[in-house]
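All chains should be modelled from the sequences, with the hints used to inform the complete structure.
Number of protein chains: 6
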Amino acid sequence: MNSVWLADHTWQEVEEYITSKHSIIVPVGATEQHGPAGPLGVDTYVAMGLAEDAARATGLLVAPPVWLGDSFHHSAFPGTIWLKSSTMIAVITDIAHSLAEAGFTRQIYVNGHKGSNLPSLTLALREVHEYQHPEALFAIADPLHLGRAVAGEIKQAAEHHGGALELSQVMYRYPNKVREDKLTDASVDLEAIGGGYIASDLFGQGSIVEISWNSREERAFSPSGSISSSHTASVDLGKRFHEAMVGELCKFIQWFESYTGPLGVVSEDEI
Amino acid sequence: MNSVWLADHTWQEVEEYITSKHSIIVPVGATEQHGPAGPLGVDTYVAMGLAEDAARATGLLVAPPVWLGDSFHHSAFPGTIWLKSSTMIAVITDIAHSLAEAGFTRQIYVNGHKGSNLPSLTLALREVHEYQHPEALFAIADPLHLGRAVAGEIKQAAEHHGGALELSQVMYRYPNKVREDKLTDASVDLEAIGGGYIASDLFGQGSIVEISWNSREERAFSPSGSISSSHTASVDLGKRFHEAMVGELCKFIQWFESYTGPLGVVSEDEI
Amino acid sequence: MNSVWLADHTWQEVEEYITSKHSIIVPVGATEQHGPAGPLGVDTYVAMGLAEDAARATGLLVAPPVWLGDSFHHSAFPGTIWLKSSTMIAVITDIAHSLAEAGFTRQIYVNGHKGSNLPSLTLALREVHEYQHPEALFAIADPLHLGRAVAGEIKQAAEHHGGALELSQVMYRYPNKVREDKLTDASVDLEAIGGGYIASDLFGQGSIVEISWNSREERAFSPSGSISSSHTASVDLGKRFHEAMVGELCKFIQWFESYTGPLGVVSEDEI
Amino acid sequence: MNSVWLADHTWQEVEEYITSKHSIIVPVGATEQHGPAGPLGVDTYVAMGLAEDAARATGLLVAPPVWLGDSFHHSAFPGTIWLKSSTMIAVITDIAHSLAEAGFTRQIYVNGHKGSNLPSLTLALREVHEYQHPEALFAIADPLHLGRAVAGEIKQAAEHHGGALELSQVMYRYPNKVREDKLTDASVDLEAIGGGYIASDLFGQGSIVEISWNSREERAFSPSGSISSSHTASVDLGKRFHEAMVGELCKFIQWFESYTGPLGVVSEDEI
Amino acid sequence: MNSVWLADHTWQEVEEYITSKHSIIVPVGATEQHGPAGPLGVDTYVAMGLAEDAARATGLLVAPPVWLGDSFHHSAFPGTIWLKSSTMIAVITDIAHSLAEAGFTRQIYVNGHKGSNLPSLTLALREVHEYQHPEALFAIADPLHLGRAVAGEIKQAAEHHGGALELSQVMYRYPNKVREDKLTDASVDLEAIGGGYIASDLFGQGSIVEISWNSREERAFSPSGSISSSHTASVDLGKRFHEAMVGELCKFIQWFESYTGPLGVVSEDEI
Amino acid sequence: MNSVWLADHTWQEVEEYITSKHSIIVPVGATEQHGPAGPLGVDTYVAMGLAEDAARATGLLVAPPVWLGDSFHHSAFPGTIWLKSSTMIAVITDIAHSLAEAGFTRQIYVNGHKGSNLPSLTLALREVHEYQHPEALFAIADPLHLGRAVAGEIKQAAEHHGGALELSQVMYRYPNKVREDKLTDASVDLEAIGGGYIASDLFGQGSIVEISWNSREERAFSPSGSISSSHTASVDLGKRFHEAMVGELCKFIQWFESYTGPLGVVSEDEI
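Residue numbers (my numbering), protein chains in the order written: chain S, 1 to 271; chain Y, 272 to 542; chain D, 543 to 813; chain L, 814 to 1084; chain Z, 1085 to 1355; chain V, 1356 to 1626.
Be aware that a few hints might be false.
Here's a subset of chain S near chain V, in silico, CB distances under 10 Å, partners left out [claimed, not checked]:
hint: 1; residue: 18
hint: 2; residue: 108
hint: 3; residue: 125
hint: 4; residue: 129
hint: 5; residue: 193
hint: 6; residue: 194
hint: 7; residue: 197
hint: 8; residue: 206
hint: 9; residue: 221
hint: 10; residue: 224
hint: 11; residue: 266
If you want the ones that stay clear, here's a sample from chain V, every Cβ over 12 Å from chain Z, calculated [unchecked claim]:
hint: 12; residue: 1371
hint: 13; residue: 1407
hint: 14; residue: 1411
hint: 15; residue: 1414
hint: 16; residue: 1586
hint: 17; residue: 1601
It is worth saying that the hints were derived from the structure and are not from the lab.
For every residue, glycine included, the Cβ atom is placed at its ideal position computed from N, Cα and C.
This is how it looks when you write it as structure tokens:
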């Protein structure tokens, strides 16, 4: 069986795997509107694609994808499914605990939903490491950070929700899922809406304050759901974006898998 | 786009869909040990296969699969990932609410994890219907009940966790996922363990009391994780089991989609 | 003191009891409408009657009755008192934990509220056995299963909420509580309401799907609250139904009290 | 039907009742050790006796008793069953809400468990009145306050847990439940244990600080569980104590039932 | 550094402190309306003043003040900030646990918010002592009890929310915070509102029942927010009230700091 | 009364204030170790100082400080007091709701605890804006972002926990609170500990992944608690850092106070 997916393996194969490896990748996405061209699953496909390709390159397993996340700000667009933050924290906590119990002491959460999921992921994993599993380490990797360098090189416009980079990545990695005839130059002038205090480019320097909007506001200021223009999306752009991030992720994973401390080193009586 | 999966559609396509349809199918499974031959994803594959085929036949959409469930009694076998019951209830509650907000007033939860997930599904959906969405109806379909008639005809032995019927179904519907060389006649004499008060056959009449076991007990009494023998599993058996259940499910869905009350009919001021 | 009720004993008598016995019976009911003839306490009286008679026959103690349960679907009828499911799970968890701490390693929950309470009871007791008390075993007994055989022999019509069997049982065991002049042939054609997918007979084979109704729907389709006809109820019918179930329960309890494993056998360091 | 117990009535009788009356009494007790002579149910019997007699005198209904409360400080004595405080708050919240939904706009909680249950009762009922039912009023009556005057006249010693007054009350109202041959002069010098800062007499002036003990401490300083001596308990003492409190309770209830505001008077749009 | 405030010390100074001392004082107040003359912070200033002066006299540390409490019944007056009871319990639980982990085995909670905060404080601290920290003792001191004797001597009228005693105390201890030109003789006749069953004087004997009001009722019956008259408030009255309470508190603390059991003495394996 | 602190005002003054202003500042800090020189209150003092000075310059009110936050990773150093993340979310939710109910439709949370508190603040405020108060806007300002520009100009070394910038700010704004004789060049090579994947400079570009450490690891790798060197701290450095941030904050607040939408503009029936 050469699937990288944990769910395709038997428990005996997993038992064998953890005799020599410590790591597992957990893809975390969302099911939410991505404008007229992006399917609802964009964020999960991004996470799955990164996880699967990095796993293949490094010989690791991938846990089942988390298809749902902190998406209530998109909830005015039908098809969006959202978890309350407390639910999301509970789900991640249970996954991290289950995997650590099995012996996965290096867990890499690949988040495809960018900033929205990060607070819940951070809170859940910090507390699992403090209270339940000092012997296991938990890393969060996100295109926002993984792709910072390459995005700076290749993006042609501000990149935000439904933008050219994320749609290109899906076009490259999961052909025929983006509606290419619906790619659009519709975008939202977040600087104008937020007096310069809301950043239009997720790969920019960020604002000096954080202001969130809610679902009704989003539907009002972005009737199509596209916050960035996507009409320059292309398979080639997606390939460059995706491969660069997979490369960064693989480098990290190799370091993480072979990491021996001081983090995660606990005295015998703590486990 | 002719995918049945919601996540492959854009929000505008979903908005269009709900102008003429009311139903959506939600596959709910688990990631847990299924003996030496069954991959960890058996229950989710069962739910996905039933959901996808019924959706194709009836023209419906399918929500992203729920890969995790109430599996802690299998937690002594590595690779099993479990949600606490309170987490599971929260996840189902949030999904049902999100979909009802979008206008899906007929929701069919296809559970592949049999009895273990049923209490959480039932509690979540009953309270959503009572307190949040009186206008939406929620049905739970499970192989335990969908397959009762056909199982009686075709099964050759008691069917329990990791048994011939569920492995056959995966062999038929998702080729190459079952380790056919590991099919086994290992089984557990639950009647002996439970003095006749624990049923060995999930399709039998059931016991007069309910007694649950925990993860350590299971690992002790079933070292391989196989509770029923699976050595008679075959693609053909799986096809008969699966198709019969898809047939039952389609009949139900057609009735449900066109159902006009009295359940789910609320006065204007309640919505 | 020859009361079977725990609350009538002193703590020293309980301390003495658990030097030789392991079991306790916990009656769980509800306070909810039972049609024009049934008092609100029917389910609790059923549970108390079964528990008390089985306890007397086997020399066991009975915990105080749980008078409230998952009854919100009856909440449109005044006098019904309901717990949210999360409250119900918390109550059962606390009871099971308290009793196990005292040394009651065999606990039998006798539920008089049939299917409605079962999910909460199951979730609570499964998690207590997994996480808190591997050394204690928890069984759930319910008229739905205890009475399956005898009901098949004696019932004269489909038996559902407020039906002839449960009212007869109260008439026999708690004289003068049923309003015999209000026994009724009012019943609800659940098959018609649910297109054949909702079973009219709780002792029948069940449906292939589970659909729940809510409180407003119930008040609309069953203005009297009687879902099954009760006009054939009689003390004699109640006696046959009750005694048969007490017999089954006693047989089970004797086995359970003397059961020595493998379930519930834990190594010293787990307790 | 002349039972005062709600559970003995049908929903139609309750519907009739609330056309002319507003009040219901809810007895709240505990199941916990009461020394060598007191049965575990003392607190619940006290609450039930007060509730039943006041109901009979005033023509009111009584809800099913709450048999369990905040008793973990007695948990080192077997037979004690305790709810976590969060569970207790949830139970009281659900009861108050259910009864207010039915139209009971005057609810009297008669607590037999004295100070231990009061914080949970207070928190639950305050929030129900603030957030859920401004139209309903909730009163808490407790022997600590109801019996202050009469206790001052009749008690012969400091009265604390398991003392002469509460055991006398049960001896009078529920004959044969107290083990009269086990009445004891064992008591605990709480003043010595707590440097004068823990009061030995629940009917005294109280301390200037509140210090709580836990279950293991109690078992250590009070091996018999009797904190006050009970050897002077008698049926006659119980009668005087009980009847005086019933009298106070009846006077209160008559005022409460006929109370017309300003508390509980809400404008139409708030209900 | 001779600040008594914990937050002004470094962790190394705290580490040194707990080699010789066990106690810490935690001031708990509220931010809520106190009539036309009292600033919103009255209750917190009361708690801080008592804590600081007692700490100075006894050489102890004071934790940061808890500025928010159970104040929803004042929420109809702007500026009031309230915690839900469950939040308040969580906050106190976390503080008590943090401090006990650091080695503070004697914790004195000085509550300035009188009865309103007491149930939450009691529930939180009782459960911390039972389940988390049997080795630490927790005391609650409140002006209601600390000041009972002196209030009886010096008060000139019934003292309730916004009354002369608490405003005097702030006038004395925190000059210029009370609006002396807005002192008022406005008061509420709670006896009339509550038929004699709601006490107008917090230092009186109390009622035989407890009835709570909600925020809208308070705004209606007390348009100024002043429940007691405050026009007799004076610095001198405040000084007498405050100093007497500080004296009582110091006496208690000295006893508590040197207390050696039996409460709080646990065997080695429990810690 | 010219205090900027809400707690120093009466409710009538607040009622007057909100007839002409919409904004309030909420300082949020922590009580946690800050190395040998920093008092436990550093983060709260930073938040209070920024809030107070910005409020004075803009004529706004400041809510009482939140003294406790997400600090468990410092919990191995005594004196640290931490809230669980769920408690922190509840506290912020209750504050935001209380203030919005009073009419504060622009709330600025000034966080002195940098990254650690941000996830909880973000989750709480996002959900309040989505579900409870669409009419109110919530901004989070943090030295990490407010001070990015000025830090780049003035810092002389990597700045992390206990570093020169934050201690300088306290030295300037709250004289005599930093132990200047304990300023230290002790620092931790986080790059070495985390293979280059943990950033040593909070004002740098950040890592491509997020890895958290727990309390025991911190105590092991940083015995003094100082993660950055602080020996270059000075009042002058603090002044420049503080004043620059106050300037940024004031500019933001002026824009925010006068902002008229589209965010926060809701139709009448939503409020």
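Each hint tested on the structure:
| no. | hint | in the structure |
| --- | --- | --- |
| 1 | 18 | violated, 21 Å |
| 2 | 108 | holds, 8 Å |
| 3 | 125 | holds, 7 Å |
| 4 | 129 | holds, 5 Å |
| 5 | 193 | holds, 6 Å |
| 6 | 194 | holds, 7 Å |
| 7 | 197 | holds, 6 Å |
| 8 | 206 | holds, 6 Å |
| 9 | 221 | holds, 6 Å |
| 10 | 224 | violated, 16 Å |
| 11 | 266 | holds, 7 Å |
| 12 | 1371 | violated, 9 Å |
| 13 | 1407 | holds, 15 Å |
| 14 | 1411 | holds, 18 Å |
| 15 | 1414 | holds, 17 Å |
| 16 | 1586 | holds, 16 Å |
| 17 | 1601 | holds, 22 Å |
Of the numbered hints given earlier, the model fails hints 1, 10, 12; all others are met.
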